[in-house]
Structure formats: structure tokens, C-alpha cells
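Engineer: Sequence:
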Amino acid sequence: MQSPDNTVAIALVARSVFPCLMLALALWPRRLPRKRALLEFVALEALGLVTPSLLWLPLALAYGVAVTLDRAFYARLGWPVDADALRFARREPANAKLLLRQELGARDGLLLLAVLGACLLAATGPAFAAPAGLLVVLWAGYLGVNGLSLRRGSPRLPVPNLVLAWWKSRREPERVAGLAAAQREELPRLPAAGPFSSTRQNVLLIVCESLSRRVLESPAGRAATPRYQAFVRQEIASGRLVDFPQALANSSSSDIAYASLFTGLSPEQSWERFHRTPLLWDAAKARGYHTSFYSSQSLDWCGLEAFLIGPSLDRAVYREVLGEPAVNDMAMDDRVLNRYLTAELPRCAAPFFSVVNYNMLHAPFSPQGGDKPTSTPSALADYLDALRLFDTCLGELLDCLSASGQLDNTLIAFTADHGETPERYDRQQARRMPLRLDQLDLDNLSVPFWLRWPANALDDAQCRQLRANVEVTVSHIDLYPTLLQLFGVDLETRQRLGSGQSLLAPIAAGRTLLMHNTSAFRQWACEPFALSRQRWLLIYHDLTRHFELLDLRNPAHGDHWERLEPEERLAWLAELAGHPLAAEILARRQLLAPPPPVSAVAAQYDELARDSERSDLHELNNWGLFSRSDWQAFCQSCARFIGVQDGDRVFEAGCGSGAFLHALQAHWQIEIDGMDLSAELIRVAQSRLQGEFWVGDVQDLSHATPNHYDKVVSNAVFLYLPSRAACERAALEMVRLARPGGLIYIGLLNDPERLGSYHSEHRPSGNAFLRRSFWHDLGERHGLAVETVDQDALYSKADGYDAHARLRYSVRMRKPVAGIDG
8 MQSPDNTVAI ALVARSVFPC LMLALALWPR RLPRKRALLE FVALEALGLV
58 TPSLLWLPLA LAYGVAVTLD RAFYARLGWP VDADALRFAR REPANAKLLL
108 RQELGARDGL LLLAVLGACL LAATGPAFAA PAGLLVVLWA GYLGVNGLSL
158 RRGSPRLPVP NLVLAWWKSR REPERVAGLA AAQREELPRL PAAGPFSSTR
208 QNVLLIVCES LSRRVLESPA GRAATPRYQA FVRQEIASGR LVDFPQALAN
258 SSSSDIAYAS LFTGLSPEQS WERFHRTPLL WDAAKARGYH TSFYSSQSLD
308 WCGLEAFLIG PSLDRAVYRE VLGEPAVNDM AMDDRVLNRY LTAELPRCAA
358 PFFSVVNYNM LHAPFSPQGG DKPTSTPSAL ADYLDALRLF DTCLGELLDC
408 LSASGQLDNT LIAFTADHGE TPERYDRQQA RRMPLRLDQL DLDNLSVPFW
458 LRWPANALDD AQCRQLRANV EVTVSHIDLY PTLLQLFGVD LETRQRLGSG
508 QSLLAPIAAG RTLLMHNTSA FRQWACEPFA LSRQRWLLIY HDLTRHFELL
558 DLRNPAHGDH WERLEPEERL AWLAELAGHP LAAEILARRQ LLAPPPPVSA
608 VAAQYDELAR DSERSDLHEL NNWGLFSRSD WQAFCQSCAR FIGVQDGDRV
658 FEAGCGSGAF LHALQAHWQI EIDGMDLSAE LIRVAQSRLQ GEFWVGDVQD
708 LSHATPNHYD KVVSNAVFLY LPSRAACERA ALEMVRLARP GGLIYIGLLN
758 DPERLGSYHS EHRPSGNAFL RRSFWHDLGE RHGLAVETVD QDALYSKADG
808 YDAHARLRYS VRMRKPVAGI DG
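According to the numbering used here, the sequence shown holds residues 8 to 829 in order.
Note that these hints are calculated values from the structure, not bench results. Be aware that a few hints might be false.
[To be verified] Simulated restraints, written as ranges between beta carbons of each label pair: (1) Glu591 to Ser634: 35 to 43 Å; (2) Gly517 to Arg342: 26 to 34 Å; (3) Glu787 to Thr399: 42 to 50 Å; (4) Arg342 to Arg207: 49 to 57 Å; (5) His710 to Pro513: 51 to 59 Å; (6) Gly748 to Leu577: 36 to 44 Å; (7) Asp497 to Pro226: 44 to 52 Å; (8) Arg647 to Glu478: 33 to 41 Å; (9) Pro587 to Trp543: 17 to 25 Å.
All C-beta atoms, glycine included, are put in the ideal place defined by N, C-alpha and C.
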């Protein structure tokens, strides 16, 4: 214990020095909101006027520690440490490692501040035991928590929704990213393998942060970007630029958007797949391109540096490499980046593949640093100022390429990571995070997206197809397969790696696209998402837990959700049930029943197989709605549609007890094999039928001989698969087993377009609902001849089964004689 004189001396020195230190902390760094910090400083100083120095000292120390930790952690990861971050870190090991590496973890600041305050108060003597001392500890904790929550922005919402947002942000996991260094699949290194590399064509991908298509195309936006507008008009007139007006970003969260754009993967894909799939520049490097990445961003945020920067990049320029100060959010001045771009890119070894990433349009729209002029009337005006800088930088880049002769030899792909709604920002109100993270809407998803190619670089068919795809909804995930096709990567590899479709080929009109702000490596308290199909965009607003349905061709017509009939809404929800990430969110919000686990389905059928009263095989398969004669008639009807004939080798995926195969053998001389997830049903099949039967998963048929069977069939199995991706994997496994020219039959699929016919006493089995366009799209991509038929057109009966048949359909696909097109 120090002597009273020494303690008083320390307190007096601290009382004269700490105000200056705390004022500096309140004003640093410039990008953080000052108003809240200044109010805290004033409150602390006011308390100091009426509080003895011995009690004020630990309070000031605790506040200084809290603010310093808050600023340091925000600078590294983009958000303060809080209990939500730690909860998510416990759920995701990759995020826990990232959090621990920072060595700045704290439990919402409160525990740390309380311990520090208690220790410091104890060091000052008996004042710790006084009620006033405890009051100071509580006050320090209160200020500290407010400091750690300094940027918890409040969206412009009604008061009940503001309360909901505040409550959600303190109850649910959020705000830690799990991007990390990756061991990616290597593509074969074949120099000059594609039409661009072989003819010395360059590829330049420009990705602008937070560029709003609506603002860019508004009169004010056009006035702010004369050089951009002139270039686009000129290239459109030349017939060498195609703009996609219905283009959508994959997310309004930048780390998801960039990861998705550069890998071609939908946000719902797994953490492992994001970290195994080659990035665009990995593919370009394997095809002989000189590769470079230029960004004004800080890649120290959210693990982006470890995720993006690798040996495939010949040149990487970003804020950490240059050591430049941050002037807008965490990014450096874009004019500094442009100096390196204009000096290096024209001298780059051709052919080059380069990514340019500008940041000037990120909130708070201060692209040149420093204080905003007091004459600036609004955040929109700030955004338009940033647009002018964007126009200047883009003009300089185009000029340098033109002067070096590279522009006429370069394909340019232009887009934004996501959109923005600058009008929602209020510079006078502290914001913890960009508002777009909680409010996924059309402004945040709609992005400029165009391709401009050199003269004679594409053939006539490719040009026609690009222009035809202007009429459909496209996504960032479509850029990856498009560029890989230009690099000369084969079709099979493109389909295996990415989630999108090449813009140089027909885009299936009926496909669905999912947009998310959460993923395997990112969680937020609010979890909005959107689903697009054809011209429609369905948005789930998690703050208010309601749906919005927009017509992408006529968004001004407003929300169509309330105008839908109940069965139409049910059809959309059935579509969402096929996407695991969306289904999980809706299930947690109790808006959608979660699908039963596969183990539960297997257990149900195992129990049926143990039922000694069920002697017929079809009863063991839970076909109890059929009598024995009905069952035989049903099987013969399906067999005629399949085209079963003597001598066929038939494999059934999900054969159960083998009832369907047994019924076929009663009328045709065929060889049979099968698999099922129920061990008890497989035991029954093995004991009663001749053939090979095993327990397995329909998504992995590697146990069977490929290219061997004349007919590969499945009945009422796809109902229980958890997602569209699972259905596609299972279907392609069945295709793999069929011989060239063989037939694949998938029976009894729930039809979301016929949901209006459902009766309450006959609810559909399973949880998968696939539109018929899913199968036609699959056929187009894999060279399969596809035919769908209403189930009741195959077989109908007057009682229970017919109620289900009217709501289902079956699919017949024929494998090409030459195999799947690769």
C-alpha cells in the first residue's frame, strides 16, 4: 500500500494529464463518430468536478483502457469486441482462432472494466469500501460498455422496430468473420489455352465498393460521372458492350460479396468449399496470364488478406503494402492507388489479368480524408462527391490504357460488390455499421454490371448470347464461369467449381439465385436474405420478419407479396425450403418447419421393417395406401413410362425393401440392384431378392458400377433430400450409373406449382419442392434429354393416393450416347 502523500501526488498528476489524454482518445481516429465520444468526455469531466481525485483516477483509467481497446480492435476487424462476437467465436472454431490472434478479447467490456476499477480503487485505500467507490465502478462499466458499443447504429425505423433491433443485437451471435488462408485446388497449367490468352487479349475486372446503380443512373449521378457515361454510351453504340440491367449482387456484406465474386460460389456454400475453390486469378495464372490485384482497401479486415493474397498473384497493391493512412473508413486515398495503376498496368506483360478495387463510395463517403465541409447538405451530396472522384480515377485508368495501346486489346468487366442507399446515412448520428447490413433491399442488391470486349474477340454466337442474357436475371456468380470459359477451362470443370452459369451460354430462365448477408464464415444479428426467380425478387426482412416481392423489370410497382393468393405464397416458401441457409433462418424464426434429419427418416423405415404384421414388400416401404393389386398396377404404369424391357439391368436408388424392383421382375426378365438408407429394409431386400443391395446415401452411389445400367430409377426419395444442391448431386450420381443412352427415372416429386390443390387431410410428405424448370436446367447443363409428366397422368386411383398424385410429377431423363458433355 502506498503512503497517502504518494497516492495524492499520483492522483493530482493524473488529474492534470488525463483530461488531455481522454480528449485525444475522444477525437481519434477521425473516421469514428465524435459526438458520442465528446459527450462521454464531458460527462466524465463533470463527474470529476464533484468526485475526489482518488475516486476519479480509476474511472479515467478504465475509460482510457476501454476506448483504446475499442479503437484498436475496430481498426483490425471492423467492429468492437462484444459478447456477440465471443458467442459466434465459440460456434465457429475458425472465428475463435481469428479472435484470439488479435489478443484483444473482452466480454462486452464490462467485466474487464469492473476488475480494473476494483483493483485501482483497492490500491487507493479504504475508499474502495465506500458506496461512492462502488458507484464509480458501475459508472465506469456503463461508460465502457457505451464506448464498446459506440457504433451500434440505429436504422431509421419506427420505435418498436428500433427496440427490436437493439434487443436482437444483444441476444444473437454476430460480427466475426472466418476467412482464412486457403489450400486451393490447382488447375492444370496450360499457357495460352483460351481465346483471349492465345490472341494476347487482356482481362480487366473493375469492382467498385458500394456503387449504387440507382444513384449512378439518376440525373445527379449522370452529371457526376461524365467520363463513365460517355465511355459506356460509346461502347454500346459500337456493339461491344453489354449491360445487364437485372444484375444482382450476392450479398450487401462486403466480405461475402468479394469471396463470392472471386470464387463464383453462392453464399450458402460451405466454408471448406470457399477455401478450396480457385480464385479468378488462380485460374488466370494457370492459363498463362500475368496477374495483379490493386485495391485501396485495408485487407487486414476480416481475414481478407489471408484469403485473397496468394502465390498466383504476380503483383498485389493494397493499403498494408503501401503503408498509406486511412482516409475513408479503413481504406487509403484512391488517388494514391491510381498512381500505381497508371504507372504499372500499361507496362504489364501481356496478356494480363488484373483486378482493380476502388473504395471511395464506402460510407462515410469521405474519399479525400479530413473533415467534411460544413456546406455539404446531406450524405447523398457526400456520395455524389465520391462519385466524381470515381469518375476521375476511372477516366485516368482508361486514358493510360488507351495511350499505351492496351485498351483496344482488353476485355473489361465492371461491377460493384453491392449497392448502397446513401440517403439513409445521417452524419450527425453515430453509426456502428453500414445500414445495408441489416436492410437487404433492391438498392443494396442491384449493381451495375457490364462486359466490354475488344473488336473481333468474341464470335457472333457468343455476342448474340450475351445480348440475349440481358433479358434474364444474372448474378455475380455468373462472372466466374464466364471468365473461366474465356480462359479455356473446360465445361465440366467450370460446372464443378462454381455455382453460376456462363454469360456466353443460355441462362436457364427458371433458375433461382440466393442472396445472403450471412454465410458459413459470417454471422450477423439480423439475417435478411433474398431469392430471385425469373423476373421476381423475394426479400425476407429479418428486422420486421416480413416478406417483400418485387418485379425486377418494374420495381416501381411496389410490393406484390400481399397481392398473392395463399397457395402462391406457400409455393414461394416451398422454394425457400430447398435452400438450407434460408430454411434454417426461417425455421429459427418459426416461419418454416425444419426438415427432418436423415437419421429420423431412416429410423422410421427401420421401424416399419420390424413390423411383423406387414408381409407385403410394398407395405414395408410405407405404400399402405395401395392394395396389392393397386400396387401392381402402379408399378406397371411407371414401368411403361420408363420403358422397362426384358434383359434390362435396373438400379433403384432408395429401393427400401425392393418392392418396386420385385414388381418389375414379376413381368420382365431383368437384373436388379439397389441401395437405401434403412439398414432394416436392405436386410429384407437381401433376404427376398436376387441382386446386390447395400446401405448408403443416394448422394453417393460410388459403390455401384458406373455406365452400367439400362435404367436407373428412384421413387419417392427426393422428397426427403434437404436441399436443391443435394437433389442435383443425387440426380447426377444416378446419371453416372446409367450407360450411354440409358434412362433415368425420378418419381414422385412435390410440385410447388400445384400446391393450391393441397387438402388439409392430405399434407405432402417430405420437405423438398422442386420446380420442373430445375430439371430442364439440369438437362441443359449436362446434355440430358428431359421430360416431366404429372404423376396422376401416370397412375390415378379414386381414394387417398390420388390426392397426393395431383400434387406431384415425375421426371424421365436420357443420358446422351456420348456421355455427359464435358
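Engineer: Please go over all the hints and tell whether each is borne out by the structure.
Structural biologist: Right, here's what the structure says about each hint:
1. Glu591 to Ser634: 35 to 43 Å: Since the Cβ atoms of Glu591 and Ser634 sit about 40 Å apart, the hinted range of 35 to 43 Å holds.
2. Gly517 to Arg342: 26 to 34 Å: violated, 46 Å
3. Glu787 to Thr399: 42 to 50 Å: holds, 44 Å
4. Arg342 to Arg207: 49 to 57 Å: At roughly 31 Å between Cβ atoms, Arg207 and Arg342 fall outside 49 to 57 Å, so the hint is violated.
5. His710 to Pro513: 51 to 59 Å: violated, 35 Å
6. Gly748 to Leu577: 36 to 44 Å: holds, 39 Å
7. Asp497 to Pro226: 44 to 52 Å: holds, 46 Å
8. Arg647 to Glu478: 33 to 41 Å: holds, 39 Å
9. Pro587 to Trp543: 17 to 25 Å: For Trp543 against Pro587, whose Cβ atoms are near 21 Å apart, the range 17 to 25 Å holds.
Violated hints for the displayed structure, listed by number in ascending order: 2, 4 and 5.
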